[in-house]
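Trainee: Each chain is listed here by its residues.
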Amino acid sequence: MKILLVEDNPELTQNVVNYLSGEGIICETAQNLYEAQDKILSFDYDCVLLDLMLPDGNGLELLEIIKSQKIETSVLIISAKDALDDRLRGLDEGADDYLPKPFHLSELLARLKAIFRRSKTGGFDEIVFNEITIEIHQLLAKVNNQPLDLTKKEFDLLLFFITNKNRVLGKQAIAQHLWGDYTDDLANFDFVYQHVKNLRKKITGAGGKDYISTVYGIGYKFDPLVS
Amino acid sequence: MQLINIITLWYLGITLAALLVGGFFIYNKLGSEIDFELGMELTREIDAYAERIEKGAPPNRLLYDKLEITEIPFDLPIEELHLRDTLAYHDPMNRNEIQLKASKSYKIDGKHYRISYYNLVVEADDITETVVVTMLSVFAIQLVFIGIFFRFISKKILSPFHKSLDAVQGFSFQKNEPLQFTKNGISEFEKLNEFLERMSKKLLTDYRQIKEFSENLSHEIQTPSAVIRGKLEHLMNGEITGEQADLIHSAYQNNERINRIVRSLGMLAKLENEEFEAPQTLNLSSYIQKTLDGLDELIEMRSIQLSTEIDPMVWLEIHPFVAEVLLTNLIGNSIKHNIDHGSIHIELNPDHLRIENSGKAPKNDPEEFLERFKKGSELPDSIGLGLAIVKQICVNYGFRIFYYYENNMHVIRILFR
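Top line first, the protein sequences correspond to chains A and B. For the first sequence, our numbering gives the first residue as 42, with consecutive numbering after it. For the second sequence, our numbering gives the first residue as 1444, with consecutive numbering after it.
For the record, the hints were derived by calculation from the structure and aren't laboratory data. Treat the hints with caution; some may be incorrect.
[Claimed, not checked] Result set (DSSO-like, lysine-lysine): computed pairs, CA atoms no more than 27 Å apart in a straight line:
(1) B/Lys1634 x B/Lys1606
(2) B/Lys1713 x B/Lys1644
(3) B/Lys1509 x B/Lys1598
(4) B/Lys1498 x B/Lys1544
(5) B/Lys1598 x B/Lys1550
(6) A/Lys108 x A/Lys183
(7) A/Lys80 x A/Lys108
(8) A/Lys108 x A/Lys161
(9) B/Lys1674 x A/Lys154
(10) B/Lys1733 x A/Lys154
(11) A/Lys43 x B/Lys1674
(12) B/Lys1509 x B/Lys1550
(13) A/Lys206 x B/Lys1674
(14) A/Lys43 x A/Lys80
(15) B/Lys1654 x B/Lys1644
(16) A/Lys206 x A/Lys243
(17) A/Lys193 x B/Lys1733
(18) B/Lys1733 x A/Lys238
(19) A/Lys238 x A/Lys193
(20) A/Lys194 x B/Lys1733
(21) B/Lys1818 x B/Lys1713
[Stated by the list, open to error] Facing chain B, from chain A, some residues (calculated, C-beta under 8 Å):
(22) Glu52
(23) Asn59
(24) Pro143
(25) Thr192
(26) Phe196
(27) Lys206
(28) Arg208
(29) Val209
(30) Gly211
(31) Gln213
(32) Thr245
(33) Gly258
(34) Ile259
[Said to hold, decoys possible] Footprint (simulated), chain B over chain A, 3 or more residues, beta carbon under 8 Å:
(35) 145–151
(36) 231–237
Don't be surprised by glycine CBs; every beta carbon is placed ideally from N, CA and C.
Assemble the whole structure, with the sequences as input and the hints as a guide.
Mentor: Here is the structure:
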């Protein structure tokens, strides 16, 4: 997967590039609208991560160019301007998703993967990880071909873990992923712990390995190398 | 009461008092003046009769109903003129009337006559009547003049004031124009207008600053905060010791807290600035259902009994995003601040929304939780803005909110009208 990150803050750019390239995603960057236009017209990208507040204009202008030039790429808007109007306008004008800043990098990766899956396979794909198989369009997870009885949230959680495998996922990131923006303070009410506990129980109950481990009370990690 | 009416009433009251006092003096003066003139007149008459007697006219021939001539002993001293009121027969009216009697004695040709002359007195009643009628007409004329001219003049004099008043009433932050007044030449009003102009300018600047601040706040704080978060997440993924993990965790949590505070304050500022326009008529019942669906696992996890009485046809004019925040905050709170094996009861009808949940008894007046940064619980992660946002939403949409603790339950009630 190859993406273009349009973002004027170099520190943030570096964070994102670090995280995504660790997942084998090729990241190119543009610091302003001009540079972004240049790149989008010259190269192909699977997805554009677009900040709206750029030094030389609003990121929505780039979106217009992408649509009017019929450039084939998905667009994920990332913006600190979480004003609802911007969000709606962005989606109206053909952006695939909108992620308000500040986001968790794990969340960004999950959204990016979801967009990628939708655009490439229409969502009809399977993610296979060792003995675990996830059929996304059916919200079905299997361990050793045996379906797991997961709730919607547990399913989301499993997908989130596998997407971000080998990464430490903070409790806040998990809470925000499961319950959305305005409920992230639920993270510290042990709800995340309960969900993770249930998920682990269900996977191991079906004969799967216990991949999920606790990391010093910070969060959890889906560790593929668990023995 | 209008200013002009107050002034008119006071003015009329004072005038009335002045007319009463004036009337009293006029009455007295009029009475004594009339008596004096009458006395003079009578004296002249008496002198005239005395002269005629001196010239040889027989006194008994002169007599008539107003004149009395008596002969008195010659050795009595001459009586000086004296006046007195008396009842005497008045021929034309054919009855006794109060008359003024003047008498004086003359010694003429060795005889001593006392000549008395009567005349009708102007009665006190008549004087009173005159005075009262005069005063009343003066008062009535004043009333009419004040009624007409005061109103007219006051309109003219007070017109700058009314203009200022209109301008202040029409002042709005959305228009973003300071108040401006034309010169009117009345120093008090000039001072007032000058003050209003200055104040409106100051208000607009403050408002703009606050608005800009809240607009920039999210961007200016959230970008560095996102950077911090990314760095910490990066650190988390490295080889760390337990001690380092604690440090990272603590830094991470506090960064999250800053984020939440900034976002909540930004939300509050947006609500206060009424930036959520274009409300839609939406079905609140289905919004509640959606919120509950998103949170039902949390309810289950704490073994909370949920019961609902939701009228499926509750329509409300509200911004969809605001409705979502309102419900998430309220229902989220009822879960977070609940106890294991507790209960939540939600009631929604076109009249009100009532959310009742078990939980620890509040130490203070629960209404306080509606204020900013007033927390009811010791939970370190609640920042104490959720209910402040709910309250502000209620203010914006004209709902009334009540929070009380009753029968061991926390009750939040929102009246929609």
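Trainee: Does each hint fit the structure? Answer for all of them.
Mentor: A quick look at each hint next to the structure:
1. B/Lys1634 x B/Lys1606: holds, 14 Å
2. B/Lys1713 x B/Lys1644: holds, 22 Å
3. B/Lys1509 x B/Lys1598: violated, 63 Å
4. B/Lys1498 x B/Lys1544: The given pair, whose Cα atoms are some 24 Å apart, holds under the 27 Å limit.
5. B/Lys1598 x B/Lys1550: violated, 76 Å
6. A/Lys108 x A/Lys183: Not satisfied, since the Cα-Cα distance of roughly 39 Å exceeds 27 Å.
7. A/Lys80 x A/Lys108: holds, 15 Å
8. A/Lys108 x A/Lys161: holds, 18 Å
9. B/Lys1674 x A/Lys154: holds, 22 Å
10. B/Lys1733 x A/Lys154: Status holds; Cα separation ~26 Å.
11. A/Lys43 x B/Lys1674: holds, 23 Å
12. B/Lys1509 x B/Lys1550: holds, 21 Å
13. A/Lys206 x B/Lys1674: Since the Cα atoms of A/Lys206 and B/Lys1674 sit roughly 18 Å apart, the hinted pair holds (cutoff 27 Å).
14. A/Lys43 x A/Lys80: holds, 13 Å
15. B/Lys1654 x B/Lys1644: Holds, at about 15 Å.
16. A/Lys206 x A/Lys243: holds, 18 Å
17. A/Lys193 x B/Lys1733: Measuring from Cα to Cα gives roughly 14 Å; hence the hint holds.
18. B/Lys1733 x A/Lys238: holds, 25 Å
19. A/Lys238 x A/Lys193: The hint holds at about 15 Å.
20. A/Lys194 x B/Lys1733: holds, 14 Å
21. B/Lys1818 x B/Lys1713: holds, 22 Å
22. Glu52: holds, 4 Å
23. Asn59: With Cβ-Cβ at 6 Å, under 8 Å, it holds.
24. Pro143: holds, 3 Å
25. Thr192: Holds - the Cβ of A/Thr192 comes within 8 Å of chain B, reaching about 6 Å at its closest.
26. Phe196: At 12 Å from the nearest chain B Cβ, A/Phe196 fails the 8 Å test, so the hint is violated.
27. Lys206: With a minimum Cβ separation of about 12 Å from chain B (threshold 8 Å), the hint on A/Lys206 is violated.
28. Arg208: With a closest approach of 6 Å, the A/Arg208 hint holds.
29. Val209: Constraint on A/Val209 satisfied, holds at 4 Å.
30. Gly211: holds, 6 Å
31. Gln213: Since the shortest Cβ distance to chain B is 5 Å, the answer is holds.
32. Thr245: violated, 20 Å
33. Gly258: holds, 6 Å
34. Ile259: With a minimum Cβ separation of about 5 Å from chain B (threshold 8 Å), the hint on A/Ile259 holds.
35. 145–151: holds (count 3)
36. 231–237: holds (count 3)
Hints 3, 5, 6, 26, 27 and 32 from the list above are not met by this structure, while the remaining hints are.
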